[in-house]
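S.K.: In case you want the letters, here they are:
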Amino acid sequence: MTRISGGLIDRTSPIAFRFNGTSYQGYTGDTLASALLGNGVQLVGRSFKYHRPRGVFTAGSEEPNALVELRTGAWQEPNTRATVAELFDGLVAQSQNHIGSLSRDLLAINDLLSPFLSAGFYYKTFMWPRAFWEKLYEPAIRRAAGLGSLSMQADPDSYDKGFLHCDILIIGAGAAGLAAALTAGRSGAETILVDEDFELGGRLLAESGHLDGVSGQTWAQRVVAELATLPNVRIMPRTTVFGTYDHGIFGAVERVADHLPDSGGKVRQTLWRITSNRAVMATGATERHIPFANNDRPGIMLAGAMRAYANRWAVTPTRTDTDKIAIFTNGDDGHRTALDLITKGVPVLGVVDTRKDAPCFGDYKVFAGAVVSNTKGRHGLTAIEITQNGSSAWHHVGALGVGGGWNPNLHLASHHRARPTWDQSILGFVPPSDGPSGLIPAGAATGQGATAAALASGMQAAQKALSDLGCRTDPIDLPHAGPEPSAQSEFWLVPSPKRRAWVDFQNDVTVKDIALAHQENMRSVEHLKRWTTLGMATDQGKTSNISALAVMAELTGKSIPETGTTVFRPPYTGVSLGVLGGGDTGQDFRPKRLTPTQTWAAAQGAVFVEAGQWMRAQWYPRDGETHWRQSVDREAMAVRSGVGVCDVTTLGKIDVQGKDAGEFLNRIYANTISTLKTGRVRYGLMLREDGILYDDGTCARLGDTHYVVTTTTANAGLVYQRLEFARQCLWPDLDVHLMSTTDAWAQLAVAGPKSRHLLERIVDGFDLSNDAFPFMACAELTVCGGLRARLFRISFSGELAYEIAVPARYGNALMERLIEVGADLGATPYGTEALGVLRIEKGHATANELTGQTTARMLGLERMVSSKKDAIGAIMSRREGLAAERRRLVGFVPIDDGNPIVAGSHLVKPDAAQTFENDEGWITSACYSPHLKSPIALGYLADGDTRMGEELIAANPLEQQQTRVRVVSAHFVDPDGNRLRD
Amino acid sequence: MTDLIPLTPLGRTAPYMAAAGPLHISEQTDVALASLSIARGAPRPSPFGLDLPDAGKCVAGDGMGAFWIGPNTWMVEAAGQAETNFAAALARAVPDCAVTDQTDGYACIDVTGSDADLNRLFAKLVNIDPKALITGTAVRTGLDHMTVFVVRRSAEQVSFLGLRSYAGSLWHAIETAACRLDA
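As you go down the protein sequences, you meet chains E and Y in turn. The first sequence finishes on residue 990 if you use this note's numbering, and the numbering steps up by one all the way, no holes. The second sequence finishes on residue 216 if you use this note's numbering, and the numbering steps up by one all the way, no holes.
Keep in mind that the hints were calculated from the coordinates and are not lab data.
Here are the simulated DSS-like cross-link-like pairs (lysine-lysine), alpha carbons at most 30 angstroms apart as the crow flies:
#1 E:Lys274 to Y:Lys157
#2 Y:Lys164 to E:Lys274
#3 E:Lys384 to E:Lys332
#4 E:Lys373 to E:Lys352
#5 E:Lys472 to Y:Lys164
#6 E:Lys667 to E:Lys876
#7 E:Lys364 to E:Lys384
#8 Y:Lys90 to E:Lys667
#9 E:Lys877 to E:Lys667
#10 Y:Lys157 to E:Lys600
Computed Cβ-Cβ distance ranges for the label pairs, DEER-style:
#11 Y:Asn118 to E:Gly478: 46 to 54 angstroms
#12 Y:Gly103 to E:Asp97: 54 to 62 angstroms
#13 E:Ala233 to Y:Asp63: 45 to 53 angstroms
We put the CB at the ideal spot given by N, CA and C, even for glycine.
Next comes chain Y alone, as it looks inside the complex (with noise of 0.2 angstroms):
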């Protein structure tokens, strides 16, 4: 095991959360990601028994979950495996896709809160319904100026997934949204 200290996308040697107007914000840090793609016309594996979501959906099993980003690809997440290299368990469990390590690719930053109010924040964040946005939903889409996923994983959680390297920018445009969302 390594003696280096990693740091969380925001700079920090823990998780950093905060209330913020009616919601909670949080980074995680946790959770392994990486992509998976098959052939055109490959059939769809079901990694550690996953059920690969269509477009614009997600599903999340016993610790793991997967979402959809692009024809014949799939985010694949595996919670508290993020210090581990599942990429490379992935790809065993794969043999036949393209598996790429994404865990520190990505910023996952997570809000809960009511259904009503994390509404209100999409509003003020995506050019996507709300209505559209419902339990199971995974999109991406712009957010100032950044390109996210947006995972809605139940009506008063979802995670918004930003390069790595946006952390604080994106960070800053949700907490300036929710604070406002009362203001």
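Isolated chain E (complex conformation) (with noise of 0.2 angstroms):
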């Protein structure tokens, strides 16, 4: 145990857990890591490439070396950072990537195999034999380099989204964070104070200094206590900040439940997007290391990390509490952990300062001028050998603090990719002037980390951020703060040729490694960054991104600033994709549309296939039928033959009134829509502004200022979004009103020479007979006693049909009614493959033919682009490129009996090699027709309309299939159109 005095751990509440199979127990406050190094656990992991022993390196989140596998079954979650993870009791974690034990990992060989095996290797290795790369190289390579592994099972945990508004985000909760939180929160402004750990106060935990007589975790807690009480903040601790977005926005998960052993119900986590109109950063600042030979040991750690270990947590890095710690550190700061250590009475070998003219604070050991430069200890550090004056000598030591100063984070300034600004005072990068509007950095992310500091800046940036809002801004007596010390000397890494010194941790990259790089001139930053793969792992580089720039503008000969600096991107720390999703999964993934006769149809058995967001049934299957095509064959059949209904209500239906409804139309539709007369339906095209086709459907008039356009499923969105655009931008001076009516009508196909005796039972005394209600007519009538009524008498099938709608809410009585009623007349109802069968028997086309690439030519159907009149797409269609397009929709069949057309084949002729130079065109549906009794197809075919009983190849050469096919009419089926007529 190496647990000393103090702490904000609650002794009274011991907590038990395990690691690789271990008991051990920690307290209340204690995270993952804090409590392994209380039990003397040094050893927690293996490094990514050359699998050495690494042991925890910070404390927060920052971390590039204790990942873990968190909790267990399909709840364990991999790369886990082990100090950022809050015990529970329970909690269970296991070290990972290594093949057996932690401690003897057969995958060590690689740091044997180290020279071969440096930056770029692999770039310049396993080039053939090329077919290994898949088969062998990759995976080899991806299981001796993984992190983490996954469950494989699926996520069994709920997460939640949410959208949070404010005056005034604080993120980060230390010295600048709590001042201007106060300071907002006492203004009355609407605050929300976040913070990634799960007690508020940053450093003011970590450190040992005094506010106004008090400790900074006292005062923090003070603090947080009276924002607590205003009404107008919202605290929110364990939620990160990981991203900066347009207009204010900000992207934050909060861990609702990471730190409880069971959930309880609660969501894991919850995607917060929160709008703020000016945001304070004060993220603190991330300390950074000093490379120096094997300086990757486990008890080597961050100096600063080690007091916060001391100061927070009440523990040291070492394996008993008789070892001796050292820090090697370039400035003033180191040695606030030295005296940190001292007051609580652990030993202390001494301070290992870069500078020449050290200083000492207290009653210990300076090494000045010295520096560390090799270190010993297979599973954890037992000796450091200190260079002096040229001299060098070992020291035995459990644990080493490294501090070369303070990094400032300001990632999230630079997420609009603003540059961060190189500060020679700091020997840091400070965030940029043009970072997102909006955001003001405060404290330690600005280089203002001594706390006094810190706190005047972060009442500062409060201050400015409520004078912006034209808010009080009232000063808070801010409490005093000891001085200091802070002075470093500019000290980068301590040169050694021979051995390697880490770098980034995380992704094992050495000095040399970028040395590696600098020699094979891939010296931008962006070139360094992915030949090496520094600062990509999970950790982003956070504590090795500056330090690599050192190294490589000491190889250039350049300063830092000049060598470049890296922007980010969020997240600022890894993001899980439940929480990104947003929480609904399944079934609920997305939304769902239901027709008005999903009920009836569920209850009938009926299979439904997804049409954009609408559930559609797409064949009712009855009892005996065992295979799709039987039912899809039957209710074609019984169409053609008697009657059937169908659900049509996902067609697209838009309300066009007003006194220009007709001219609006007119330039909407390629054909003339104004002639037609009130009580008629015409069918219409609709141009892109290039001329292509767009969009067909039909235009119902219902009245003289009053018209219905239907539209196909796929499009009933997107004509509206038009026709809008239509209205409201090219043609704002037309008195026309738009509204979709889609969902308010329930629309159903009757279809068959027997719809009009259906039909008869249910209108209210309504004349149907064909002079009456001719083909192409439409009424406004009731049904079914009194229920009122659209009918529109219009064929996608091809037979005599009608379309019937009613208000939604009865689709579903009306489908039923329908079925029953007409039991004698063999009313059947049909899904959507059925009524694609139908409309390829008809030659009717679809969003099969309307490709996007199709013109109405192409359809035969260029005489009803008019040009008497102007519309959306007429001019353009009428250009050479596209009035000279050949290919024409024509219909195919199998020459020899029973062969399928695959939809999709390219047409060439029989003797013809299959390449694109001989591509006649293509088959655009297939299916196999119950009416002809044979697969039948239609498709876009060169000169079509003139190559009648023509032989081709349908070819699929991805399958290697092809099938001879004739040219026929597309209209399979009553060609002259006699029946629906009927």
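Hey, can you piece these two chains together into the complex? The hints should help.
M.R.: Below, the structure written as structure tokens:
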């Protein structure tokens, strides 16, 4: 045990947990990392590439080494940073990335092979044989270089999402953030304070200094207690702001139940979209290390982290409490760690300070002008080599704290691609001046890391934000904080030409690798990153990026800002895909639209198919039908011989009213609409601006100034949007009113030679005779004893057919009624599959034919594009390129009976090679026609209208399929159209 | 009177209601809806005495109501008239306007509860500051990838109107969020 006195842990509340199968005890307030250190566990994982033993390196979310698989079974999550995993009772964690036990990892052989595994090795190796890459090399590399493993089970947790709004968002609850929150909160502004930690206070919790005579921890607790009483302040611990987006919007993840043994019905995490007027970025700073030979052994950690473990969690990173600790630093900050350890009675070897004039602030040994030049210890640090004045000596230590200065956490200020600015006075990059508007950096995130400066900076940032918003900007009484020596020298690495010195621990990138990148001319930061993978691991190089720049700067002889910097992208730390998904999975992953007859169809055992977001009945199987074709053939034949009913509500319906409605539709449709008489329907074509076909449908005139436009299911929303654009932006002078009525009316197609007979049984005294209600008529009427309805005599199947619309709430009952009263007529419900068969048999085009490359001419409908008026796309449809288009829609039947024709097949002459040069068109739709008892197809063929009877090959080279086909009319059924006019 | 039995948007023969967390959710099926649109620059009519509201607002009268849904366009509501041809009645009342029947175009899901709980619910459903969703507010917004009107009837009541075909998904979204409020 290496627990020491003090700390913010609750020693009256012990917690049992397991790591790699061994039981340990920690306390409430511990993280997994602090609890492991408290139990003397130094070795917690293996490195990515070389499988080097690794220990806890930091005390926060920047951790590169201590990654574990947390929890078990389906809840197991890899790559969890032990440094931010809040300890809970029964926690189970496993180390990762090793074969065999953690201490005897078989893949440690990689370390011995390291001369062959330098940066870029796999760009130059594994090149041949080429086929080996996918089957051999890549799997082997992934096995050796992976991080954690997945459970391969579905995520059992639930997630949530939400939206928050505030005047001021304060990101980070350290000294600056708390001062900002207090300033903003007391002013009455709506304030949200978020922090990724479960305890608010930031570095105040990690330091031993006092504020107005009380510890920083106590002051933080008092401020949080006051903030909690303010109704305008929302405090969100365990919440990470991971991204800055446009217009003051931030993405944040709140870990709602990650710290609980059992979620107890709570969601695991919530994704918040926070919209703020102003934001204070009080995100603190991350300490950097100093690369030296073998600087990656367990027991070596950042000096500031070591101070945090001692002061907040009352642990040291040694295996036993008699092991000595040394500090290696280039500035005063490292000395503070030594002082705090000594105060707590921890044995300290001394401070190795790179400065020749290194100060001493207490009773400890200072190795001035010295460096740590090597280390020993297989699974944990046992000794360090200190080189001073040209001579080296080994010293036994159990841990080493390394402090190379602090880098402001400016990531959020850089998410809009603004480049950080180098500040020589703090030897670090500070937030860019052209960062996101409304984002005000404060505290250590701007280089103002001393407590007093951070407090003042936080308050000023909040005052600036309040002033921007026109709110009161009263200052708060800031507590007095003592002086904190912070001088540092510019010292970036200890040269070690023969040994490896790590820069990026998580991706195993060493100084040598950077030198190799330099040698290979991968000198720009972006090339350096990609060549070496530096900074590209799950920690995104938080502890390594600046050190790597410094190393490259030394190699190139340039300054650090000249060498370059890197900008950051969201997320700041890893975000689970589960929470990004917003919570709904499976059936609820996206919203569903149900048709009015859904209830009845489901009761009939219908098979449903997704059509966009709609769920449509695809076919209605009957007892004894074992194959979908049996059901579909039966349904299609029922329509041809009797009557069928199909729910076609999903087709878009748009109410068009106004005294200029006719003129408006004339400009929308390629054909003329204004001449349509009241009570009549016309088929219409819409073109894109470039003259290509856009959508087709019907337009019914219900009154003088009232039309109903129908669209295809797929384009319902798009056509409505297009019409609104035309109404509002193109022709605002026209008096036109649009309203979607797709959902308001249930619309059923009633098709087949007996459809009139069937409808006569439900209409209330309405004359359905051919004379009174001919083909392409429409009317408003009542059915079933007074229910208002609309009737359209239109046909998609080619049969005598109608579409009847009733208020959507009655759609289900009407469907049931039609089938019931039409039983003797053979009334049969049919689904989208039979609908497709019927329309292919009739040669009607649908989405398969309207591909975005199709012209009216190709459908043989060029005469519908009126030359007597203008309409969207009309002129462009006559341009040379489209006018010269020779492909035409025709039908195909197989020459050899029964051979199916595959949609998508390309058409070539029988003796031609199946190449693009010989391509004469393609099959757009294909089905089995129960009516013709043969496969049939539609397709576009060059000069198709003049090639009836010709033999071709429908080739599908991808699957070595080819079918001999004969060109026939696209109208397989009733080519003269007598049935629908009957 | 037809003998056909209508179904509610949720596919039931009677309006569905449920307690969800601290809130109460119910399907409203007896309100008739009709959109009313006037020509640009035309005077704003007062159908059935309703003072048609400005953008983002709703008004309620005696069994009638209206909320703004777009430039020069409103949705007029009539309680208890879902089974009548309300659109025709409205069209007669405002002869120079475009009126479209919308009664079955939308599913209306009402949520009642305390002001604070409703505001917490909004934070989980719509990207609108609850402080702006005060009584008398009506906005069109996105909710779980659906488009809805949110009509704040009172501090204790809000209506979500979504396309009828989405009713099940809309109910699921509201119920799930409500149940999680106190989880």
